[in-house]
Amino acid sequence: MFHLVQSIYHKINEKPEYSVLILGIENSGKTTFLEQLKKKSGMNYKDFNKIMPTMGQNVANIPIQNGRLTQQTESDFNRPTKTDMVLRVWDLSGQTRLRRLWAKYFDKCHAIVYIMDSSFDDIEKENFDRRMESCVEVFEKDVLEILNAHDKNIPILILANKQDKTDVLDIVDLKMAFNRALAKMDHDFDSRILPISATSGEGIDTCINWLVMRLIKNSEFRPPIYK
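Numbering-wise, the working numbering puts 95 at position 57 of the sequence shown, and it's gapless, one number per residue.
Among the hints, erroneous ones may be present.
[As the list claims (entries may be wrong)] Capping the alpha-carbon separation at 25 angstroms, the derived lysine to aspartate or glutamate pairs in DMTMM-like fashion look like this:
| # | residue 1 | residue 2 |
| --- | --- | --- |
| 1 | Lys-213 | Asp-189 |
| 2 | Lys-77 | Glu-55 |
| 3 | Lys-146 | Asp-226 |
| 4 | Lys-190 | Asp-228 |
| 5 | Lys-213 | Asp-243 |
| 6 | Lys-213 | Glu-258 |
| 7 | Lys-78 | Asp-243 |
| 8 | Lys-88 | Asp-205 |
| 9 | Lys-53 | Asp-243 |
| 10 | Lys-146 | Asp-122 |
| 11 | Lys-222 | Asp-145 |
| 12 | Lys-146 | Glu-178 |
| 13 | Lys-213 | Asp-167 |
| 14 | Lys-190 | Glu-240 |
| 15 | Lys-146 | Asp-180 |
| 16 | Lys-203 | Asp-243 |
| 17 | Lys-142 | Asp-167 |
| 18 | Lys-255 | Asp-167 |
| 19 | Lys-53 | Asp-85 |
Derived from the structure by calculation, the hints contain no laboratory data.
Please construct the entire structure, taking both the sequences and the accompanying hints into account.
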């Protein structure tokens, strides 16, 4: 009898866990984004000024309550379907020699967050254009083409990071560039492009709101793990 009650208790208290990958080329702000999620959730987090390039991976479980980060108060955007869940967030290295490892995580992930540095404060515009081309090319070759070939239609959130800088690329231009890559695929990927600042936290709440709603919507095809 005790074991039956214990089993029912654990079943009731199990929460859906969704695996989310954070991808992007080096120095795009992926780790800062993860640390900002931890900060907003009331967890211990790294000093943003002391973050070093990721050589392998950083992983954190981000708790979500009522569709938003646990420490959030009422805000002015629509609330998604009420549920409790955990986002198991994987920050993977964006260094060239390590990008080939990304695909190993695609089988079990529920969503992808692709981050790019959209600022050009400290570089010439022509150098930024080359970086922009590189970001889109990596997105197309190392993410979309692999997902497309293996029939893995999962939500993709593209984030234009460092929008707190003085000189940044217009979101409309970014959408045009990434949409051209998306249009080449056989699948109609559920995707969105949003502006953020991982350092200040601007735009993070909207990102989580979109991500949670899409994870729930797609759960029939890519169900979560219950823990």
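For each hint, the structure was consulted:
1. Lys-213 x Asp-189: Holds, at roughly 23 angstroms.
2. Lys-77 x Glu-55: holds, 20 angstroms
3. Lys-146 x Asp-226: Distance of about 20 angstroms is within 25 angstroms: holds.
4. Lys-190 x Asp-228: Given that 25 angstroms is the threshold and the Cα spacing comes to 11 angstroms, the pair holds.
5. Lys-213 x Asp-243: Given pair Lys-213, Asp-243 holds - Cα atoms ~20 angstroms apart, limit 25 angstroms.
6. Lys-213 x Glu-258: violated, 28 angstroms
7. Lys-78 x Asp-243: At roughly 9 angstroms apart (the allowed maximum being 25 angstroms), Asp-243 and Lys-78 satisfy the hint.
8. Lys-88 x Asp-205: Answer holds: Lys-88 to Asp-205 is near 24 angstroms, not above 25 angstroms.
9. Lys-53 x Asp-243: holds, 21 angstroms
10. Lys-146 x Asp-122: Roughly 20 angstroms separates the two Cα atoms, so the pair holds.
11. Lys-222 x Asp-145: holds, 22 angstroms
12. Lys-146 x Glu-178: holds, 20 angstroms
13. Lys-213 x Asp-167: Roughly 15 angstroms separates the two Cα atoms, so the pair holds.
14. Lys-190 x Glu-240: Roughly 30 angstroms between the alpha carbons, so the hint for Lys-190 and Glu-240 is violated.
15. Lys-146 x Asp-180: holds, 16 angstroms
16. Lys-203 x Asp-243: Holds, at about 19 angstroms.
17. Lys-142 x Asp-167: violated, 30 angstroms
18. Lys-255 x Asp-167: violated, 35 angstroms
19. Lys-53 x Asp-85: violated, 30 angstroms
Taken one by one, the earlier hints fail for this structure at numbers 6, 14, 17, 18, 19, listed in ascending order.
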